[in-house]
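Work out the full structure: start from the sequences and follow the hints.
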Amino acid sequence: MLFLQQLVNSLMLGSVYVTVAVAFTLTIGILNFLNFTIPTLFMLAGMVGWALSYWGIPFGLSGPLPWPLALAMGIVAAIVVSLIVERFTFRYLKTKYGDSTEHAIPLVSSLGFLLIVENLVRIGYGTEARRFEGPDANMTMDVGGILIRIPQLVSLIITILIVIGLVQMMKRSRIGRGLRAIAENPDAANILGIDTKRIVPVVFMLTGMLCGLAGALFAVNYGEVAPMMGEDIGAKAIAGMVIGGLGSIWGAVLGGLCVGLLELMTVHFFGADTVQIVVWGALLIVLIAYPKGLLGHHSIGKGKL
Amino acid sequence: MSGYLAGIIAILSINIIFAYGIFLAVASGQLNLGGVGFQAVGAYAAGLLSASLGLPVALTLLAGAVVAGLVGVALAFPILRTRGVYLVLATFAFAEVVAGIILNTDALGGAMGMSVPGYVEWQIPMIGAILVALLVFYLMATRFGLTLRAIHDDEDVSELMGVSIRNVKVAAFGLGAALAGLSGAFYAHNFGYIEAQSFNALVSIYVLLYVLLGGTQTAWGPLVGAAFFTLLPEVLREVLPALKDFFITLFGGVPDGSRPDESWRFVILGVLAVGFMAIRPEGLVTRTMVERLTFRRPSSRFKEVTE
Chain A
353 MLFLQQLVNS LMLGSVYVTV AVAFTLTIGI LNFLNFTIPT LFMLAGMVGW ALSYWGIPFG
413 LSGPLPWPLA LAMGIVAAIV VSLIVERFTF RYLKTKYGDS TEHAIPLVSS LGFLLIVENL
473 VRIGYGTEAR RFEGPDANMT MDVGGILIRI PQLVSLIITI LIVIGLVQMM KRSRIGRGLR
533 AIAENPDAAN ILGIDTKRIV PVVFMLTGML CGLAGALFAV NYGEVAPMMG EDIGAKAIAG
593 MVIGGLGSIW GAVLGGLCVG LLELMTVHFF GADTVQIVVW GALLIVLIAY PKGLLGHHSI
653 GKGKL
Chain B
1265 MSGYLAGIIA ILSINIIFAY GIFLAVASGQ LNLGGVGFQA VGAYAAGLLS ASLGLPVALT
1325 LLAGAVVAGL VGVALAFPIL RTRGVYLVLA TFAFAEVVAG IILNTDALGG AMGMSVPGYV
1385 EWQIPMIGAI LVALLVFYLM ATRFGLTLRA IHDDEDVSEL MGVSIRNVKV AAFGLGAALA
1445 GLSGAFYAHN FGYIEAQSFN ALVSIYVLLY VLLGGTQTAW GPLVGAAFFT LLPEVLREVL
1505 PALKDFFITL FGGVPDGSRP DESWRFVILG VLAVGFMAIR PEGLVTRTMV ERLTFRRPSS
1565 RFKEVTE
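So the protein sequences, as listed, match chains A and B. Taken in order, the first sequence gives residues 353 to 657; the numbers are from our numbering. Taken in order, the second sequence gives residues 1265 to 1571; the numbers are from our numbering.
Everything labelled a hint here was simulated from the structure, so no lab data went into it. Predicted model only: the values in this text are computed from it and were never measured. Worth double-checking, as some hints may not be accurate.
To be verified - Partial pick of chain B residues on the chain A-facing surface, computed with a CB cut under 8 angstroms: (1) L1295; (2) A1338; (3) P1342; (4) F1358; (5) E1360; (6) G1364; (7) I1365; (8) S1527; (9) A1542; (10) P1545.
In this text, a Cβ means the ideal position worked out from N, Cα and C, and glycines have one as well.
This is how it looks when you write it as C-alpha cells:
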C-alpha cells in the first residue's frame, strides 16, 4: 500500500515536470534550439502571480488581485517575455556565419536572457521564498486507502488535457503542419510557402504558455514561490526530455513521469541528498548509451545545435 | 599591495586560466557547458592531497590539473560521440553529477566544505595565468591550432583533408579540462576553503559567456573576455551608486545614498550577451581585428568565410 501511495505521489510530482519538459522538447524538436529561458519563464509566472495577488498592479492601480486572475496575468507575462526572447534570439539567426558554433547563437542569447530575467526578478521582488495564498492545497480525497490531493489531481488533468490538445494541434491544424514542416527541413518549408518568420513566434508563444501554466500550477500546489524555483524544475524537465527522447511530445510526458518516479524512489531508498546524482547520472547515461531516448527520433539535435 | 587589489588579481588570473580551458574546447567546435565540473575536480584533488597527505603546493597544483585532465579525457571518448545539443546537455549533466557526488562524500567535507592548507599569494596564480596564456597562444600557432580551427569551421572537410577529428577533439577537450582543473587548484589554495555550492551551474554559464563574448577565433578572445567581465563588477561597484544617484536627481528625487542591488551586474552581463549575439556573434576580438591592429596583411588573399 505504501508503495502504491508512492507511485501516486510520483505521478503527481511528475505532472509538473511534464509541462516544462514538453516546452523544452517543442523548441528542440521544431527549432533545434535548447531554450535556457524556459525555467525562468516558469519562475516568472509564479512570481508575477504572487506579486499581483499580494500587492496588486504596480503604481497603486489596484489592490491585491484574486489569485486566479493574478496567476492568469502571470501566464500572460511569461508569454510576453517569451516573445521578446524570440525577437532577440531567433530572428537574428541567419545562415551568414558558416562555422560550427553558429548554432550556439540562440543558445547563448537565451543564457543571457536567463541572467537578465532572473536578476530583475531578484531586484524587484527580493530573493526569499514567498507564501502564495491560493486554494487549500491540503484538500485530500481517499480512494481505497490512498490519499490524493485534489489540487494536484486537477493539475494532472489540466496537464494531460493540454498535452492532448497540443498533439492534436500539431497533427491537424494548419499551424501544426507548418511547424512540423519546419522541424523536418526549414529551407524546404520556406520554399513550399510556409512563412517561417510568422510561424516561429507560435513556438515561443506555446513555450511561454506551457511554462507559465506550469509555474501557476506549481504556485497553487506548493503554496510557495521563489526566484530560484525554476532551476530545480528546469533540471528535472531537461532530464525528463532526454530520457523520453528529444523532440517527442509523448516522450517528454513519459520522461517527466519517469523522473518523478525516479526522484521519489531515490528519496525513498537513499535519501533526498542523492537525487541530484541519480537524476543527472541517468541523463548522462541515456545521452551516451541511448541518445535516442525512449520515444525520440534519431535525427533531432544531431548536426546542429 | 592592498588586499583588495591582490584579491582582484588572484581572481582575474583564476578566471583567465579557466576561460582558456573552455576556449580550447569551444575552439574545436565543442560547446562545454560543464566547465565548473572540471574546476571542482581540480580544486578538490588539490585540496584533498594537500590536506590529507600534506604534499607541497607545486605538486598539488600539478595534481589538480592532471586529475581533471584525466577525467576530461575519460569523459571525452563517450561524450564526443554526441554532438550539438547532446554535447551541451552531457557536459552540463557531468557538472551536476560532480557537484552531487561532492555534496554526498564525507571525505570531501560534503555540504560543510573543506579547508585547504598551503595558502598561495596572488603572484603564483598570476604567473600561472601568464604561462597558460603563452601556452595557448603557442598552441594556436602550431599545426594543432590550425586543425582546431579547421574542425571548428567545417568538420567534414577537415576529415576529408586527413585530420583525425576524434584525436584532436579529445586532446582539446582533455587539455581544456586540465586547465579548468588547474584554475580550480589555484582557487582552492588562494581562498583556502572550498565548498560544493561555489561550483554551481551558473559559474559554467558565466565562463562560457566570457569566452564566447571575448571571441573564439583567436587566443586573445578568452583573455579579453575574462579580464573584461572580471573587472566589470569592480568598476560597477564604484560607478553604479553614482549612476543611481544621478538618475534619482534627474527625476527630481533626493539620493538616499543606498547601494543598488548587486544583481544589476548580472543583468548587464545578460544584456551584453544578448546584444553581442545579435550584433557581433563572433565575439569582441576577431581574427581580422587582430590582423589589422598588428598591421599584418590578411593571412590569405581569400576573404574569410567566418567574417
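Against the structure, the hints:
Checking L1295 of chain B against chain A by beta carbon gives a least distance of about 6 angstroms; that is within 8 angstroms, so the hint holds. The restraint placing A1338 of chain B at the interface with chain A is violated, with a minimum CB-CB distance near 12 angstroms, outside the 8 angstroms limit. Hint status for P1342 of chain B relative to chain A: holds, with the closest Cβ pair at about 4 angstroms, below 8 angstroms. Given hint, F1358 of chain B at the interface with chain A, holds; its Cβ is 6 angstroms from that chain's nearest Cβ, closer than 8 angstroms.
Annotation: interface hint on E1360 of chain B holds; nearest CB of chain A at approximately 4 angstroms, less than 8 angstroms. For the restraint placing G1364 of chain B at the interface with chain A, the shortest Cβ-Cβ distance is roughly 4 angstroms, inside the 8 angstroms limit, so the hint holds. Nearest Cβ of chain A to the Cβ of I1365 of chain B: about 6 angstroms, under the 8 angstroms cut. The hint holds. Checking S1527 of chain B against chain A by beta carbon gives a least distance of about 4 angstroms; that is within 8 angstroms, so the hint holds.
With its C-beta approaching chain A no nearer than about 5 angstroms, A1542 of chain B sits inside the 8 angstroms limit, and its interface hint holds. With a least beta-carbon distance of about 5 angstroms to chain A, the hint placing P1545 of chain B at the interface is held under the 8 angstroms criterion.
Hint 2 alone, counting from the list given before, is not met by this structure.
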